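Chemist: The hints should help you fit chain B onto chain A, whose structure is shown.
Keeping their order, the protein sequence lines are chains A and B. Numbering-wise (my numbering), the first sequence opens with residue 1 and increments by one. Numbering-wise (my numbering), the second sequence opens with residue 1001 and increments by one.
Mixed in with the good hints, there may be bad ones.
To be verified - A short list of chain B residues far from chain A (calculated; beta carbon distances all over 12 Å):
no.	residue
1	Ile1098
2	Arg1115
3	Gly1155
4	Ser1165
5	Ala1182
What the hints assert, rightly or not - Derived pair list, reagent style SDA-like, types lysine to any residue, alpha-carbon separation capped at 25 Å:
no.	chain 1	residue 1	chain 2	residue 2
6	B	Lys1183	A	Asp288
7	B	Lys1183	A	Asp299
8	B	Lys1195	B	Glu1092
9	A	Lys361	A	Gly390
10	A	Lys180	A	Arg93
11	B	Lys1087	A	Ser387
12	A	Lys275	B	Thr1192
13	A	Lys434	B	Asp1177
14	A	Lys434	B	Ala1179
15	A	Lys445	A	Asn455
16	B	Lys1114	B	Thr1194
17	A	Lys434	B	Phe1172
18	B	Lys1162	A	Arg211
19	B	Lys1183	A	Ile440
20	B	Lys1087	A	Gly256
21	A	Lys180	A	Met204
22	A	Lys192	A	Ile440
23	A	Lys180	A	Asp87
24	A	Lys434	B	Asp1173
25	B	Lys1195	A	Gln254
26	A	Lys434	A	Ser387
27	A	Lys275	B	Thr1122
28	B	Lys1183	A	Gly411
29	B	Lys1162	A	Lys361
Claimed, not checked - Label-pair ranges, simulated between beta-carbon atoms:
no.	chain 1	residue 1	chain 2	residue 2	range
30	A	Ala405	B	Glu1092	21 to 31 Å
31	A	Arg431	B	Ala1180	19 to 29 Å
32	A	Glu410	B	Lys1183	21 to 31 Å
33	B	Ala1100	A	Ala405	34 to 44 Å
34	A	Gly201	B	Thr1149	36 to 46 Å
35	B	Asp1159	A	Glu271	44 to 54 Å
36	B	Glu1097	A	Phe408	26 to 36 Å
37	A	Thr400	B	Ala1100	44 to 54 Å
38	A	Ser343	B	Ala1180	23 to 33 Å
39	A	Gly201	B	Asn1107	35 to 45 Å
40	A	Arg233	B	Thr1111	31 to 41 Å
Just so you know, these hints were derived from the structure itself, not from any lab. Note that the structure is a prediction, hence the values are computed from the model and not measured. Where is the CB? At the ideal position from N, CA and C, for every residue including glycine.
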Amino acid sequence: MTRALRFLGSLAAASALLVVVHGHGAPAPADPQQPQQTPPPQQPTEVATTIRGDGAPPRLAVPDFIAGSPDAETAAIAKTIAQVLYDDLAFEREFSLIPRDTYSTIPAARSFTEVPLERWRELNADGVIIGLVQKTPAGIKVEVRLFDVRKSVTAFGREYSGSAANPRIYAHTISDEIHKQQRGLVGVARSKLTFDSDRDGERMFGTIEARGVKEIYISDYDGENQRRITTARSLSITPTWSPDGRSIAYTSFQHGTPNIYIMNIFQGTREDLTKSIGEDWLPSWSPDGTRVAFSSTRDGNPEIYVANRDGSNIHRLTQHPGIDTTPTWSPSGTQIAFTSDRSGTPQIYVVSADGLGAVRKITSESYADRPTWSPAPYNEIAFASRSGPGFDIKVVDIATGQIRALTFGEGTNESPAYSANGRHLAFMSTRSGKSQIFTISRDGKNLRQVTRAGNNYRPDWSK
Amino acid sequence: MQIRLAARRAPLVLALTVLAFACSSKKPPVARPAPPPPPPPQTQAAPARPAPPEPVREPVVVPPEPVREDRITSNNLDEINRSSPFKPVFFELDSSEINAAGQAALNEDATILKRNTNWTITIEGHCDERGTAEYNLALGERRAAAARTYLASLGIPADRLKTVSYGKEFPFDPGHDEAAWAKNRRAHFVVTATK
Chain A
1 MTRALRFLGS
11 LAAASALLVV
21 VHGHGAPAPA
31 DPQQPQQTPP
41 PQQPTEVATT
51 IRGDGAPPRL
61 AVPDFIAGSP
71 DAETAAIAKT
81 IAQVLYDDLA
91 FEREFSLIPR
101 DTYSTIPAAR
111 SFTEVPLERW
121 RELNADGVII
131 GLVQKTPAGI
141 KVEVRLFDVR
151 KSVTAFGREY
161 SGSAANPRIY
171 AHTISDEIHK
181 QQRGLVGVAR
191 SKLTFDSDRD
201 GERMFGTIEA
211 RGVKEIYISD
221 YDGENQRRIT
231 TARSLSITPT
241 WSPDGRSIAY
251 TSFQHGTPNI
261 YIMNIFQGTR
271 EDLTKSIGED
281 WLPSWSPDGT
291 RVAFSSTRDG
301 NPEIYVANRD
311 GSNIHRLTQH
321 PGIDTTPTWS
331 PSGTQIAFTS
341 DRSGTPQIYV
351 VSADGLGAVR
361 KITSESYADR
371 PTWSPAPYNE
381 IAFASRSGPG
391 FDIKVVDIAT
401 GQIRALTFGE
411 GTNESPAYSA
421 NGRHLAFMST
431 RSGKSQIFTI
441 SRDGKNLRQV
451 TRAGNNYRPD
461 WSK
Chain B
1001 MQIRLAARRA
1011 PLVLALTVLA
1021 FACSSKKPPV
1031 ARPAPPPPPP
1041 PQTQAAPARP
1051 APPEPVREPV
1061 VVPPEPVRED
1071 RITSNNLDEI
1081 NRSSPFKPVF
1091 FELDSSEINA
1101 AGQAALNEDA
1111 TILKRNTNWT
1121 ITIEGHCDER
1131 GTAEYNLALG
1141 ERRAAAARTY
1151 LASLGIPADR
1161 LKTVSYGKEF
1171 PFDPGHDEAA
1181 WAKNRRAHFV
1191 VTATK
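Bound-form chain A, shown alone (with noise of 0.2 Å):
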C-alpha cells in the first residue's frame, strides 16, 4: 500500500501542472474537470469569427509550431502539440483537416506577423492554425492563433502556459477550445478512458496461486500516458469515473469477496463505499456524482441498490427474485436502466431512480448486457447483444425503441461506454486477437485501438 500511495502521490503531483489558459479571445469558461486551474484573466476580445467552408465542414491546416527557442526539446514539443492537435481536431469531424505531408511547399511561419496565409488559400484551407512555443522559467509557453484564411483575421487566440512534462495535455485543450469556440461543441481531447488490464502478468496472493490479476489503469482518450491506479494485486474491474473526473469507483476482490471502492485518483486516497456487505458490482455513477447505483447480493439476490457518494442511505430499487445488474443513469439522473434475467434471458430494462412506478423492458434481444445511457442530446441507450458465439455493440433509440449495432461479428464485442459529448463509445473488442480497448463514432465509424498490452476490459469515458 505504501507503494501505491507513493505512486499516487506522483500521480497527484503530476496532475498539478496543468495548464494556465490565458484568453485572447473570450474567457475560457471554467473547467470543472480541473479546478485546481487558475481562472483565466480577462482579456480583451477579439473579433469573433466562425470558419466556414463552402457547405462542407471548414477545411484547416495544422503546420508544426513554431520553436520559439532553439534547443531540441522545444523543437521536438512544437512539433508533438501539431500532431496531437491535428489528431484531436480530426477525431470530432467538425472540421477536414488536410493531410499533412501536403504543407512542404508553403514556407513555414516564423512568426504571427508574418504567416503567408495567400498559400494555404492556394492549398483550398479555409483555417490555418499557427502555434509559438517557447521555453520559460516554469516550463513552456504555448501561443495559438487559428487564422480565418478567407477573411486575413483571427479567429481564435489564446496564450497558455505550464510544464513541459506532457506537452500533448496543450494539444488537448487548444483542441477542445478551438471546438467549443468555433463548432459550440464539447470536445473529447481532454477527456480521459477507464479500464482494467491483466498487461502486469502478476498473479494473486492466496488459495489459488495461477490466477492473474487485473488493475484499474487510466489513459487520455487516445490511449496514450496509460497508468495504473492501483495496486491491490487482486481483481480490480469495472471502474467508472465520477463525474468530476478526480474519482473512480470500482468492483474490488481484495477482500475475497467482490466489493465497491472509491479511488480519489488525485489524492490518492481510497473508500470503501458499500463496508463489504454481500457481493456488491458495477458502480454507476449519477450524473450530477452524488450518488452511485450498484448491484448487490446484501439480500440474498443479486438486486439494483443506491448509495450516497459517502456510502450512506443505501436503498433498494429492484424487487425481483430474477437477477438485477448492471445499472446506469439516464442523463437527467431520473432513471436507471439495467439488466434483468426476469423474462428468462438477459434483457434491458429501464426503472425510476425513486424505484417507485413500472418497471419498463426495452430490449428484446436474444441476450443483453451492460446498458450505458448515452449523454444529451441522444436518447439511447448502449448495450451488448448476443450474436452468433460473441457479442456486437448495439444502440437501442429509448423513445422508438429502433435498434442499431455498431460492430458485426468481427470477434466478440462487449462494455460499451459513452464519451462526454454522446458522439464516441469506447468499449472492448477481440476483433485484433486478444481483448482490446476500442473506440468508435456513434454513427459506426472511425474505429481506433487504444491499448495493446496484455487483455484489456471494461472501459469507461471521463465526463
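Modeler: For chain B alone, coordinates are given in the frame of chain A:
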C-alpha cells in the same frame, strides 16, 4: 512450496530407501509383505490432527512414495486446495440449475464437509466466456448460491459456506470450445479456514 516440501522430505526418503534396502538384503524381495494400500485420502484429511513429525512409525511398511497422503494431511490450505478433495458442480449455458450429476457431486462434497467439521469453504461461481463479463458476475453468484443452498439442505451449517462469484475472470480452461466452456461453467470449492 512444493519444492520446499520435497527438499524437506529428501533426507527422510533417503533414510527410508537405505532402511528398505537393508531389510531386503536379509529377506528375498518376494517375501516382503506388500505395503498396505494408502488409505483413502479423505480419512487422512482431518487437518485438526497435528502433522506427524514422520509420516509413519514403521519404515518397513511405508509405501515408497507417501507423497499423496502427506499433501492431504497438510494444514496448508494451498496444499489442500491444489489437490482439492471436492467435486465441482458443472452447469448448462446461462443456467444456475443443479442437474443430477451436480447433485451427486454435492452429495459427496457434503460427506467430506461432515467428516471435516472444522472446515469453512468458499464456493466460487464461475462462468464461460459466452456471457458478458458484467452479467456473468451475477450468474456466477447464482451458481455459487445454488450449490450453497443444496449443501445447506443436506445439513451443512450455512456459516461454513461462503460464496464468491468470479464471473468469467478465472477460466479453468483457456480454450474457446465446448469442452473448455463446459469446464468453466462451475461451482468450485476452496477450503478457506480449518480452525
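Chemist: Checking each numbered hint in turn, tell me which of them this model violates, lowest number first.
Modeler: Structure breaks hints 4, 6, 7, 8, 11, 19, 21, 29 and 35.
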